[in-house]
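Participant: Residue numbers (UniProt numbering), protein chains in the order written: chain A, 1 to 484; chain B, 1 to 484.
There may be inaccurate statements among the hints.
When chains are identical, the list treats them as one kind, so a pair holds in a single copy or across two.
Below, a list of computed lysine to aspartate or glutamate pairs in the DMTMM-like style, where the Cα atoms sit at most 25 angstroms apart [said to hold, decoys possible]: (1) LYS466 <-> GLU56; (2) LYS353 <-> GLU421; (3) LYS466 <-> GLU335; (4) LYS225 <-> ASP250; (5) LYS225 <-> GLU335; (6) LYS353 <-> ASP250.
It is worth saying that the hints were derived from the structure and are not from the lab.
Read off the chains here:
2 protein chains.
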Amino acid sequence: MPDTSDALVAALRQALGATAVLTSEAQADEHARYLSDWRQRYHGRARAIARPASTEEVATVVRLCAQHGVTIVPQGGNTGLVGGGVPDASGLQVVLSLSRLNRVLAVDAANLSMTVQAGCTLAQVQDAAAAAGLLFPLSLASEGTCTIGGNLATNAGGTQVLRYGTARELCLGLEVVTAHGEVLDALSSLRKNNTGYALRDLFIGSEGTLGIITAASLRLHPRPKGLCTALVACADMGAAVTLLQAARRDLDAGLTAFEVMEALPLSLVARHLPDAAHPIAPFNADPTSVPPPWLVLMEHTSSVSDTHAAESLQGWLDEVLTTGLAQNAALAHNEHQRRAMWGLRESIPLAEKTEGLMVKHDIGMPTSAVPAFVEEAGRAIAQRWPDARVVCFGHLGDGNLHYNVQPPALARSGPALAIFEGEVNALVFGLVMARGGTLSAEHGIGALRRDELARRADPVALATMKALKQTLDPTGLLNPGRVI
Amino acid sequence: MPDTSDALVAALRQALGATAVLTSEAQADEHARYLSDWRQRYHGRARAIARPASTEEVATVVRLCAQHGVTIVPQGGNTGLVGGGVPDASGLQVVLSLSRLNRVLAVDAANLSMTVQAGCTLAQVQDAAAAAGLLFPLSLASEGTCTIGGNLATNAGGTQVLRYGTARELCLGLEVVTAHGEVLDALSSLRKNNTGYALRDLFIGSEGTLGIITAASLRLHPRPKGLCTALVACADMGAAVTLLQAARRDLDAGLTAFEVMEALPLSLVARHLPDAAHPIAPFNADPTSVPPPWLVLMEHTSSVSDTHAAESLQGWLDEVLTTGLAQNAALAHNEHQRRAMWGLRESIPLAEKTEGLMVKHDIGMPTSAVPAFVEEAGRAIAQRWPDARVVCFGHLGDGNLHYNVQPPALARSGPALAIFEGEVNALVFGLVMARGGTLSAEHGIGALRRDELARRADPVALATMKALKQTLDPTGLLNPGRVI
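Using the sequences and the hints, build the whole thing.
Facilitator: Next comes the structure, spelled out in structure tokens:
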């Protein structure tokens, strides 16, 4: 439909200004970053990339696309991991980038809240909170690039969920442009507001399929006055879960992170990124030594001081070392050591990537179920594919594991890889779902897990989701082919 | 439609057993408590009261009522304050009581979660958590009677929201019987689960108009090891809000409650419930003395011990007394004193009731807006009705005030009262909404605030809510005339 296309592009240019609408012919290079995800797994084409500068302009883009029967892919920082933010291969879709809606609208320190436009990067939001002496605790590897609108559209998780919750729990209100091109104002900064249905929560996590988030009110927290980080070695996952339970009981809200890493990902870091591999004694005593079976990274905050955080965490670690729950432990005694500990954890994805292709899973389950799952899944994979390897690490405090499997040598490309991927997914997801778990804890559904969701979701829940999509976006204008 | 009625009652009796279906003819006395709210403001009649004993029986009741075209009023403990849980006056509706679904299904201490049926009382849920050494922090005056299903259907608040959130933040998953009589299984116990739309959150707070909650997975917390409560006198609301801000900054998650009471409600307690009025020195130094302009009740928990909680709260109070932010303060030194402090706060509603009729408001706004609101609303009411009196108290930590107005002597009944109520509501809600506030912070909409919501809600939000209702309950079977 080239005529329709031209008319739409002309109308978009008239509404937004010529420079706010990119087309592939004119700006091929500029174009590229909107069309592929950053893992380079999804590559699409677009009729145009519209970059509105205000909520009203977003609504105009939606209305114009609706008039022309052209579907829309809303896009924030384009850092998603499930192909939810790039257009399909048809070249018929419009990418609606929120990146120019990038202003912090208000910070209300007394109310511990702030109001921001959707295109603000997460780092920008964190910085604005810090400038007011407060904390916006959402924290992700991609925080310099990802946007708060994308974080909310995907209900992002990260490393502080244990204490502060996911993006959902950090959002007080939203402004949304609907599929009808109307502006829904639910931008309240209230902690309690029982006036009808939770529209805010319906849009959060809907991955741009029900409406386009244009602004948000966010919940801020006091900045902890002290912080201490530690590495703890555990003999097995059962001990790590018991350690978590003890830490929650004894440190309560002071426990802000509880990450876990198995020996294999630590070995991969040692091989590919040796500078990151041994952050602190005793974990650097002998760089050639075998890593512990499981290493926990935990973070403890204090409302008093760094010294208080360190003393209370040291006291607690002395106890768990005495009881044998932990094999070994080390505190970070300064910011350099603290960063080195987090550097170890954060180096795993790059070390993995350097090692080669992995079939990745972002699974979640009750923490009580994790030890038996790790045991059973590991055994089943080893039996079925003796030379496959499991790279397991993640946010144990939330029951969320990144459970990645390196295919056997003969299944690392082509049809063999596709068959392996299908089989290992079936195995992993089967064991996860049998334990009341989820096939996507934090990454979302996007294009990657859509079929899997359709297969495995509760049928009444799935039918309800389809009905909601039909109600809020009856013509299928918004991000078609994603989620459901 | 007596024939239809009989056939439905017969079918319900056959499905549930004769004793599980009450009709007014047979059990008039037993009947009564299902038909009026506990404030005795709403009185209805019912064709039958169905008391299913399982999720499947709930689904059966829904299907039978749908077949007979009879609408359903779901009911938990019937302690709601907005007329959302009692039938209308037609005598044509069926009350569906969840009270027999009253089992705790599972407690998972390692996952800090539990699964319960909807008819469990809140106290029963709290007790089951405590028996596992854990905390379910939702806490309300009616906790011995209200049910967890009702708490979730209304997104209940209470005194611990500041730290632990409302019922919504304490829920991990739901089982719901839909308006089609199907069972929607979203009963997961996961802290992170990004697999499609937030159906759980759509049913939470929908007051039984979108589906019937039959079971829930709940988030548990560690039990604090120490606790200390204090009363603090402030010169004005501005000082109280600054005190709150300082407390959040310095005590962080250790601040678990921050309630406020103005002098007038304290005087009413002194007049009508003198034993409760003066819990502790210096606030009992002279029982005839004038109460402070504003009295704050704050609670501080510690992950260490009671002594630690008391010492750190005392240290903090010494500071705020020195800076002049507080006029006076007292710690509870034992459980008796602690209960006396809470007793003062909890006596206010009864003292109010004894004093006479009040036009009540459950308003919320950003805490930063509260001082100017209190000032402006007080002045406007005094100007318009010189002998009206404002009774103001509530959950300042959440920006939620119970802002009740005693009508002038000439407007305490009949048409004059109705006129006064309309005018004072318009005045109060107008000032609240102008500050980004809400006309119902925690009580919900029910029947009481339905028209007000229709008048004041964002029109796009309201239209969206209506579309959701139409989608999930196309025949209007569930709790018609409530919320929207």
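Participant: For each hint given before, does the structure comply? Return the numbers of the non-compliant ones in rising order.
Facilitator: 3 and 6
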